[in-house]
Amino acid sequence: MTEVLLSLKGLTKAYPGVVANDSVSFDIGAGEVHALLGENGAGKSTLVKMIYGLVKPDSGEMLLRGVPFAPSEPRQARADGIAMVFQHFSLFDALNVAENIALGMENPPALRDLATKIREVSEAYGLPLDPYRTVGDLSAGERQRVEIIRCLLQDPKLLIMDEPTSVLTPQEVEILFQTLEKLRAEGTSILYISHKLEEIRTLCDHATILRLGKNVGECVPAETSASEMAELMVGAALTPPKRGNRDFGAVAMDISGLSVPSPSAFGTALRNVHLTVRRGEILGIGGVAGNGQDELLSVLSGEVLTQTDAVKLGADPIGHLGPVARRALGVLAAPEERLGHAAAPDMSLTENAMLTGATREGLVKNGFLKWAAAKEFAERVIEAFDVRTPGPENAARSLSGGNLQKFVIGREVLQRPEVLVVNQPTWGVDASAAAAIRQSLLDLAAGGAAVICISQDLDELMEISDSFAALNEGRLSAPRPAEGLTVEEIGLMMGGAHGMEVAHV
Amino acid sequence: MIRLEKRPQPSRAWSLATPLIAVLATMIAGGLLFALLGKDPVEAIRTIFWEPLFGEFSFYYRPQLLVKGAPLVLIAIGLSLGFKAGIWNIGAEGQYIMGALVGAGIGLAFYPLEAWYVFPLMVIGGAFGGWLWAMIPAYLKTRFGTNEILVSLMLVYVAEQFLASMSLGLMRNPEGHGFPGSRNFNSYEGASSWINENAGMHWGVVAALIAVIFAYVLLNRHMVGYHIRLTGEAPRAAKFAGVNPARLILFCLGTSGMLAGLAGLFEVSGPSGQVSIDFNVGYGFTAIIVAFLGRLHPVGILLAGGLMALTYIGGDIAQSNLQLPSAAIQVFQGMLLFFLLAFDLLTNFRISLGKPEVA
Chain A
1 MTEVLLSLKG LTKAYPGVVA NDSVSFDIGA GEVHALLGEN GAGKSTLVKM IYGLVKPDSG
61 EMLLRGVPFA PSEPRQARAD GIAMVFQHFS LFDALNVAEN IALGMENPPA LRDLATKIRE
121 VSEAYGLPLD PYRTVGDLSA GERQRVEIIR CLLQDPKLLI MDEPTSVLTP QEVEILFQTL
181 EKLRAEGTSI LYISHKLEEI RTLCDHATIL RLGKNVGECV PAETSASEMA ELMVGAALTP
241 PKRGNRDFGA VAMDISGLSV PSPSAFGTAL RNVHLTVRRG EILGIGGVAG NGQDELLSVL
301 SGEVLTQTDA VKLGADPIGH LGPVARRALG VLAAPEERLG HAAAPDMSLT ENAMLTGATR
361 EGLVKNGFLK WAAAKEFAER VIEAFDVRTP GPENAARSLS GGNLQKFVIG REVLQRPEVL
421 VVNQPTWGVD ASAAAAIRQS LLDLAAGGAA VICISQDLDE LMEISDSFAA LNEGRLSAPR
481 PAEGLTVEEI GLMMGGAHGM EVAHV
Chain B
1 MIRLEKRPQP SRAWSLATPL IAVLATMIAG GLLFALLGKD PVEAIRTIFW EPLFGEFSFY
61 YRPQLLVKGA PLVLIAIGLS LGFKAGIWNI GAEGQYIMGA LVGAGIGLAF YPLEAWYVFP
121 LMVIGGAFGG WLWAMIPAYL KTRFGTNEIL VSLMLVYVAE QFLASMSLGL MRNPEGHGFP
181 GSRNFNSYEG ASSWINENAG MHWGVVAALI AVIFAYVLLN RHMVGYHIRL TGEAPRAAKF
241 AGVNPARLIL FCLGTSGMLA GLAGLFEVSG PSGQVSIDFN VGYGFTAIIV AFLGRLHPVG
301 ILLAGGLMAL TYIGGDIAQS NLQLPSAAIQ VFQGMLLFFL LAFDLLTNFR ISLGKPEVA
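These protein sequences, in sequence, are chains A and B.
According to the working numbering, the first sequence holds residues 1 to 505 in order.
According to the working numbering, the second sequence holds residues 1 to 359 in order.
Since the hints were made in silico from the structure, they are not lab data.
If you're wondering where the values come from, they're calculated on a predicted model, not measured in any experiment.
Incorrect hints may appear among the rest.
One-sided and incomplete, this derived list gives chain A residues near chain B with beta-carbon spacing under 8 Å [what the hints assert, rightly or not]:
(1) V18
(2) Q171
(3) G322
(4) A342
(5) A344
(6) T356
(7) R397
Pulled from the structure, derived: some chain A residues nowhere near chain B, Cβ distances all over 12 Å [unchecked claim]:
(8) S7
(9) V19
(10) S25
(11) D27
(12) D80
(13) G126
(14) T134
(15) E142
(16) L183
(17) V251
(18) S301
Cβ coordinates follow ideal geometry from the N, Cα and C atoms, glycine included.
Bound-form chain A, shown alone:
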């Protein structure tokens, strides 16, 4: 390694009940792409928040080019040449690119000068972007460009990127990597946070692996196999979900020519969607976030009603039926947003079990609620899906994201669905819980149910799907057998590079 840019020494940060970072030390070299690898909850975010001045370490120190460095707020970190691209963009949809960038600056120049500067920087780094376009019209990849350019305008020495590829198609990832390569060639260091091992093997010079807040190993990704890194990250060899032999039965759900206008100004309209899923089949639906996933789930769950025969269960049209009637027929769903959509945050798990279980589990009689039966159902979900909670009387918001997700999925799976629709079933869930959730979906399909799994995690979809389709701007590609699909083909189904120009490096 050449010169060291940033050196972390024994950084420790504890929150009530959990040590987020336990004496973490490593060095980031100048002009190096350094990967920070770890599962959800391993402490990656806390660590970079300390570097970016959002969180103060309890102990330990940082040296920036050998000089002690302790930013008390992000402004100070930025002044010292540290920039960060967050996973969730902080952009205003209704403003244009230049206005958004100006909002994040301390002394923004006149908008016209800024626009010129944005053009210069964007061309220099192969990130073409029109400063006068409204952000609401941009694709996820282009929004990320706005965030990156916002950082590059500060001329950073260290660029922190938090899971940058989670919102990109494979082709867009390719373009991003070319930009990062160019930055590296110019001597900018990059701290690259991810749990996608293949990406790290392609891009990064060095990797630090965190597990439960501790630095459990470093490696040179190009010389280490993905499975070795995975084992370091998880701490144990993972058993991948087993899929039995499956015979597909009759068509369970059939959607044809479904078009639904966008529910809000920046939502996505569904355009002429066709899909069929058979009994025993898992249909994986990929796509970059915001391309109609939520809308598709609402149409399937019955939250949004459509023409009667646009959605069919077997041969019966159900497009006009609301969620309760569909549940009675065996069409169940688990939305992406756990708190506030799939579950009511302040209500107990028993009350949340009532939320979707009332009809199929017989928790209601003549309009009166059988709380004892609901509690018993909640306990069954907790037991069967290993939900870590003191008991069903606890509020949904007191559970960790992963545990609540297990509850939400378990609640539907245990109701013996005919058709189950899930959106992002393992988002923010640790590896072992994610494996358990995937296994339960596979078991469900093996038992003869049809499963539609909407997800942005392509690895997940490849692991469990029998057929694969992708959503792109509200259109669904024709489903294809999942086996034998290449990353290239999947990327094209997801919309390729969305018309973004390739970096001119």
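Using the hints, position chain B against chain A.
Then chain B, alone, in the frame of chain A:
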């Protein structure tokens, strides 16, 4: 440094304790206020809280508690259903007036017939009048998406004009020597809501108690109540659970209008006695405060209605006995609300002393 930390879940113990703490804090702060005004604080607090219940003239004041508390509780119970679901009926005063007018109109139409069915018909009319008046904002909201806060509030002023017109015109007592106001129901036995006037018992008290039980069962044991709570806490989850928002709006506004209308009918045919220009004294607005004092919980509302009635009556006594200015009494009542809402914070947050944590 003092910080607030969100509790993982609402504390039951605190939600029961905070109203008591708030009453104590009001007594202390109110005592200070009265002391600054040169009155004996202990005497003033005793007059407000003790005198109406156990004082020398409590035989007179205790029935007054029922008379003042019943309409507050009845209206507040109805409002609380909507408030829990995020449906804001601010116009209970108007529904109260319209219920009174329709119910009284039926009674006056039958005058002087003494028959068992006159009063039940008036009750149905009262409920219908309030319900109908609340259906206007409900229909406009479900059909055109208008704001129910504005529509229901503005309809209060329309109802007041109706009341003025009725008491000066159509419903004026033909034997009243031209004075405004209708015949007095206290001299029309078959149409009076009194059960025992000396005890302060009228059918409104009975209705209020029934409403408390009804609301409790609805909210805790019935699907409609569950949907109301779900809609208030997580609207998207409610939609996912299959709640029909339009139907819920019609139900909540309709029920609250109906109960307000009933309260108006019981008042006009009992304690107030006649339809007159100013028979409404703002119960419909005060009930909003009562609903929140009671944390939108049926039993809480029952207690809050009693407490509110107590401070009104006690405040009146303090004004006449101790020459406290009425503004001071109003400040005192305001303090009570303030402390209740402020201490309410402790249900969801805990106070911790220590170094601030940046997250």
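Hint check:
1. V18: 13 Å, violated
2. Q171: Interface hint status for Q171 (chain A): violated (33 Å vs cutoff 8 Å).
3. G322: With a closest approach of 5 Å, the G322 (chain A) hint holds.
4. A342: Check passed: Cβ of A342 (chain A) comes within 7 Å of chain B, closer than 8 Å.
5. A344: For A344 (chain A), the interface hint holds, since the closest Cβ of chain B sits about 4 Å away, which is under 8 Å.
6. T356: 7 Å, holds
7. R397: 7 Å, holds
8. S7: Given a closest Cβ separation of 22 Å, the condition holds.
9. V19: Consistent with the label, V19 (chain A) stays out of reach of chain B, its closest Cβ about 14 Å off (over 12 Å).
10. S25: Fine: 22 Å to the nearest Cβ keeps S25 (chain A) off the interface.
11. D27: Check passes; 25 Å lies beyond 12 Å.
12. D80: Given that every Cβ of chain B is farther than 12 Å from that of D80 (chain A), nearest at about 18 Å, it holds.
13. G126: 36 Å, holds
14. T134: About 26 Å separates T134 (chain A) from the closest Cβ of chain B, which puts it past 12 Å; holds.
15. E142: Consistent with the label, E142 (chain A) stays out of reach of chain B, its closest Cβ about 28 Å off (over 12 Å).
16. L183: 29 Å, holds
17. V251: 25 Å, holds
18. S301: Check fails; 7 Å does not lie beyond 12 Å.
The structure fails to meet hints 1, 2, 18 from the earlier list, while all remaining hints are met.
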